[in-house]
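Student: Those sequence lines, one after another, are chains H and Y.
Okay, so the first sequence: first residue is 1 according to the numbering used here, each after it adds one.
Okay, so the second sequence: first residue is 1001 according to the numbering used here, each after it adds one.
Hint data in this document are derived by calculation from the structure and do not stem from the laboratory.
For glycine and all other residues, C-beta sits at the position ideal for the given N, C-alpha and C.
Possibly wrong hints are sitting among the right ones.
Pulled a few chain H residues facing chain Y out of the computed Cβ check, cut under 8 Å [said to hold, decoys possible]: (1) Leu24; (2) Asn28; (3) Glu31; (4) Gly75; (5) Glu123; (6) Pro131; (7) Pro285; (8) Ile289; (9) Ser292; (10) Phe299; (11) Ala302.
Each computed DMTMM-like pair below joins lysine to aspartate or glutamate, with the alpha-carbon atoms no more than 20 Å apart [unchecked claim]: (12) H/Lys266 with Y/Asp1164; (13) H/Lys144 with Y/Asp1164; (14) Y/Lys1353 with Y/Glu1418; (15) Y/Lys1266 with Y/Asp1288; (16) Y/Lys1265 with H/Asp273; (17) H/Lys266 with H/Glu394; (18) H/Lys144 with Y/Asp1273; (19) H/Lys265 with Y/Asp1273; (20) Y/Lys1265 with H/Asp164; (21) H/Lys266 with Y/Asp1273; (22) Y/Lys1033 with Y/Asp1047; (23) Y/Lys1266 with H/Asp273; (24) Y/Lys1144 with H/Glu108; (25) Y/Lys1144 with H/Glu31; (26) H/Lys224 with H/Asp50; (27) H/Lys89 with H/Glu108; (28) H/Lys265 with Y/Asp1164; (29) Y/Lys1266 with H/Asp164.
There are 2 protein chains.
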Amino acid sequence: MENKKIKIGLIGLGTVGSGVYKTLRNNNLVEFKKIAVRDKSKPRNIDSLDMSLLTENAEEIVNDPEIQIVVELVGGIHPAFDLIKTALKNGKHIVTANKELLAKNGEELFNVAEENNCVVLYEAAIAGGIPIIMPIKTILAGNKINKIEAILNGTTNYILTKMDMQGAPYEDVLKESQMLGYAEADPTGDVEGYDAAYKITTLATIAFRKRIKVDKVYREGISKIRTADMKAANELGYKIKLIASAKLDKNGNADVRVHPMLVSKKSTLAHIDYVTNAVSLSGYPIGDITLSGPGAGEFPTASSVIGDILAIAAEIGTTDYLLPMMRCHHHETANMIDIEDTINKYYLSINAKNNKGVIGKIGTICADNNISLASIVQKCVDQDNTANITVITELCREKDLRRTIDVIEQDEFINKVESIIRVQTLN
Amino acid sequence: MENKKIKIGLIGLGTVGSGVYKTLRNNNLVEFKKIAVRDKSKPRNIDSLDMSLLTENAEEIVNDPEIQIVVELVGGIHPAFDLIKTALKNGKHIVTANKELLAKNGEELFNVAEENNCVVLYEAAIAGGIPIIMPIKTILAGNKINKIEAILNGTTNYILTKMDMQGAPYEDVLKESQMLGYAEADPTGDVEGYDAAYKITTLATIAFRKRIKVDKVYREGISKIRTADMKAANELGYKIKLIASAKLDKNGNADVRVHPMLVSKKSTLAHIDYVTNAVSLSGYPIGDITLSGPGAGEFPTASSVIGDILAIAAEIGTTDYLLPMMRCHHHETANMIDIEDTINKYYLSINAKNNKGVIGKIGTICADNNISLASIVQKCVDQDNTANITVITELCREKDLRRTIDVIEQDEFINKVESIIRVQTLN
Chain H
1 MENKKIKIGL IGLGTVGSGV YKTLRNNNLV EFKKIAVRDK SKPRNIDSLD MSLLTENAEE
61 IVNDPEIQIV VELVGGIHPA FDLIKTALKN GKHIVTANKE LLAKNGEELF NVAEENNCVV
121 LYEAAIAGGI PIIMPIKTIL AGNKINKIEA ILNGTTNYIL TKMDMQGAPY EDVLKESQML
181 GYAEADPTGD VEGYDAAYKI TTLATIAFRK RIKVDKVYRE GISKIRTADM KAANELGYKI
241 KLIASAKLDK NGNADVRVHP MLVSKKSTLA HIDYVTNAVS LSGYPIGDIT LSGPGAGEFP
301 TASSVIGDIL AIAAEIGTTD YLLPMMRCHH HETANMIDIE DTINKYYLSI NAKNNKGVIG
361 KIGTICADNN ISLASIVQKC VDQDNTANIT VITELCREKD LRRTIDVIEQ DEFINKVESI
421 IRVQTLN
Chain Y
1001 MENKKIKIGL IGLGTVGSGV YKTLRNNNLV EFKKIAVRDK SKPRNIDSLD MSLLTENAEE
1061 IVNDPEIQIV VELVGGIHPA FDLIKTALKN GKHIVTANKE LLAKNGEELF NVAEENNCVV
1121 LYEAAIAGGI PIIMPIKTIL AGNKINKIEA ILNGTTNYIL TKMDMQGAPY EDVLKESQML
1181 GYAEADPTGD VEGYDAAYKI TTLATIAFRK RIKVDKVYRE GISKIRTADM KAANELGYKI
1241 KLIASAKLDK NGNADVRVHP MLVSKKSTLA HIDYVTNAVS LSGYPIGDIT LSGPGAGEFP
1301 TASSVIGDIL AIAAEIGTTD YLLPMMRCHH HETANMIDIE DTINKYYLSI NAKNNKGVIG
1361 KIGTICADNN ISLASIVQKC VDQDNTANIT VITELCREKD LRRTIDVIEQ DEFINKVESI
1421 IRVQTLN
């Protein structure tokens, strides 16, 4: 019976790979034939690992005629992309967690897959353990999804939650997160929003059924968020989160971005804390749904990889055309709206000289530039006789807002516009 | 080309049926061949409905050789069960939203389906538009799920949310809900927990891969919840929700129930308000996830029905063995734990004579009966010189708690144990 099992080749035995191996090693449907690692002699936290499975040459896996499913968990573009292409050309189905590869080279990848009648599944690449890709492709297939708002990066959500709870500054919390292993030594990929941008690119592509170009996704990180902004947001009924969002307008233009956002406490996303991820979708006919859960980690991410493996394994042998709903059939590239042309509400924190005319002046400048204000509050006067003014605007165009900021900053009574953060628009 | 479309027979053109028809009428993969209704002459809120599709004889649909997918949206056991069985015997695949039928006759239904190599899909039967059945069966297939806590009934969640927000009593909010159409004229099925019990029966069956017997599901409704309990819960950091839960212990015994519960405000479920539904799952390797969204309504529920239809349609023509992961392969019946043997925390609201010894006495009675207390607070003294005492216990066995209540109620200083509500146990 052993030989009837479907054979898997695993490329990468890091955190997620270990979770996949541990969970699936005794499965009765699939078995590991080979596992490619960088260094066979490296000690691994896996009980009774069958060392004879290990190879340092991933080519052995993608060219092994017995292997039917290749699981790529090394990340990055090289050599993952070439390995996957070779595997596809050899008729192997792919399971990957490689968000960067999908965002940058997804189109070519899926074309090669279709040419070879293979599937590429990637549930683990977006929001870790949360079921999102397969649901969008299958049970939500009848929907026209037109909006996504999501927390897709656990590291930044952890940092923002800690800043909020402890009132501690960004730098301190980042250091603590690095010590605890929640942030990497070079945190750029997370804190500057690259990771979330990769993920929203793929998520928007499948939700809108149009290709989103990752280099046109607006991206802004969390490193400029101040504890004063956290405090002001709380008082106004908001939490500050790094939100990856995607909207499709009536004309089919896509607005896809990653940036900090003031999220209403009435919204589910405001209550997603620490390393938890969440995806809120709006569409027709479904309305609004939110899926939340662990966005990373050995076992949660393994759950998604394994789900993909089992979905492929279940149909190998019953059909020559596996998983028709999970394939990529859209080739249209979305027209993207430039961030300057988007319409948003804004939170502004302005440091000004303590002059009683200053609030009126800000109001006048805004009005002159087509910006209506929802609220303007002089929060406190500091010891150095400066005032902190918090402004929430109504919906306005980004380019109008930017021009307004320039004018405000030139004013003699204004010291600095300290923070500009976009505010969530509820339906 | 028109004739190449896969033909659907729709039984029931009520709220959900209308949503399905409106959304799918111009689909390029499927088309409606016949729609069975009780009364053809009834006016319907559907633009340019093709009246020639309507029939008052559902037998025409289940016996039509051209129809490949039968969508049953009438609910109840008769005649739905017989119609579905006939359709299956005629080789038709089934999409249904019939939670009562699944809970009571699911086993026979799935057996007939397998005998005829057909699938029965029912995403819409549980939690309306929220993707939950297909995710559990597919992308979460590698998990051992051991706990579900869910809000599965929108009517009761609406009533509890309103009671909480307005401080209004149950009877008043029920009447208002009936006027607004959120509760039925006879609300029993919702407010006494029958609807949620049907849903958790099926949800636990697929999550645990063991049949749950609906008549062994403990069920308790919301009609005894008082605004005083809401207020006390809020002060203690909880919300009161009607929770459908299912747990699998280490020995594989199932504890499945529906009853009001004090849910910690730290838990996502506490923030699920009005008619929204939510399902929290815990399992290995995934950890904890929560899926939330609209639990009912024309269009959200239609989303799930349509997802099921499209999943079937996508594989008709590519394989003779459709959707292997969506089939029912488990035949073991779960051993169920009796509610008396379950371990819970409890909230008690006790009305007592205003005697300074009474708190000590309650504490002693509890200790004598193996009940440890987390807190005991005399909340206020009423004008009639009685005291309201709020107790939160530590984990204890239900039968110990019940015996304790009997003893407390016999005490000379106790007027009444006004409320006994179980309290959520966080991991």
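Student: Given the proposed pairing of H/Lys144 with Y/Asp1273, does the C-alpha separation stay at or below 20 Å?
Tutor: Judged against 20 Å, a Cα distance of about 25 Å means the pair is violated.
Student: CA of H/Lys89 to CA of H/Glu108, is that 20 Å or under?
Tutor: Between H/Lys89 and H/Glu108 the Cα gap is close to 13 Å, so the pair holds against 20 Å.
Student: Holds or violated: H/Leu24 as interface residue toward chain Y, Cβ cutoff 8 Å?
Tutor: Since chain Y brings a Cβ to about 7 Å from H/Leu24, closer than 8 Å, the hint holds.
Student: Y/Lys1144 and H/Glu108: Cα distance at most 20 Å?
Tutor: Roughly 36 Å separates the two Cα atoms, so the pair is violated.
Student: Any CB of chain Y closer than 8 Å to the CB of H/Ser292?
Tutor: Hint on H/Ser292: holds, closest Cβ of chain Y at ~5 Å, below 8 Å.
Student: For the hint on H/Ala302, just tell me whether its beta-carbon gets within less than 8 Å of chain Y.
Tutor: Holds. Min distance 5 Å.
Student: Is the Cα-Cα distance between Y/Lys1144 and H/Glu31 20 Å or less?
Tutor: 19 Å, holds
Student: Against chain Y, run the beta carbon of H/Pro285 and see if the smallest gap drops under 8 Å.
Tutor: 4 Å, holds
Student: Please work out if H/Lys266 and H/Glu394 have their alpha carbons no farther apart than 20 Å.
Tutor: Satisfied, since the Cα-Cα distance of roughly 18 Å is no more than 20 Å.
Student: Is the hint on H/Glu123 kept, meaning its closest Cβ partner in chain Y is under 8 Å away?
Tutor: Hint on H/Glu123: holds, closest Cβ of chain Y at ~6 Å, below 8 Å.
Student: Taken at face value, is the distance from the CA of Y/Asp1273 to the CA of H/Lys265 at most 20 Å?
Tutor: Within the cut-off at roughly 13 Å; holds.
Student: Using 8 Å as the Cβ threshold, decide whether H/Gly75 counts as touching chain Y.
Tutor: With a minimum Cβ separation of about 20 Å from chain Y (threshold 8 Å), the hint on H/Gly75 is violated.
The structure fails hints 2, 3, 4, 13, 18, 24, 26 (numbered hints given earlier, in ascending order).
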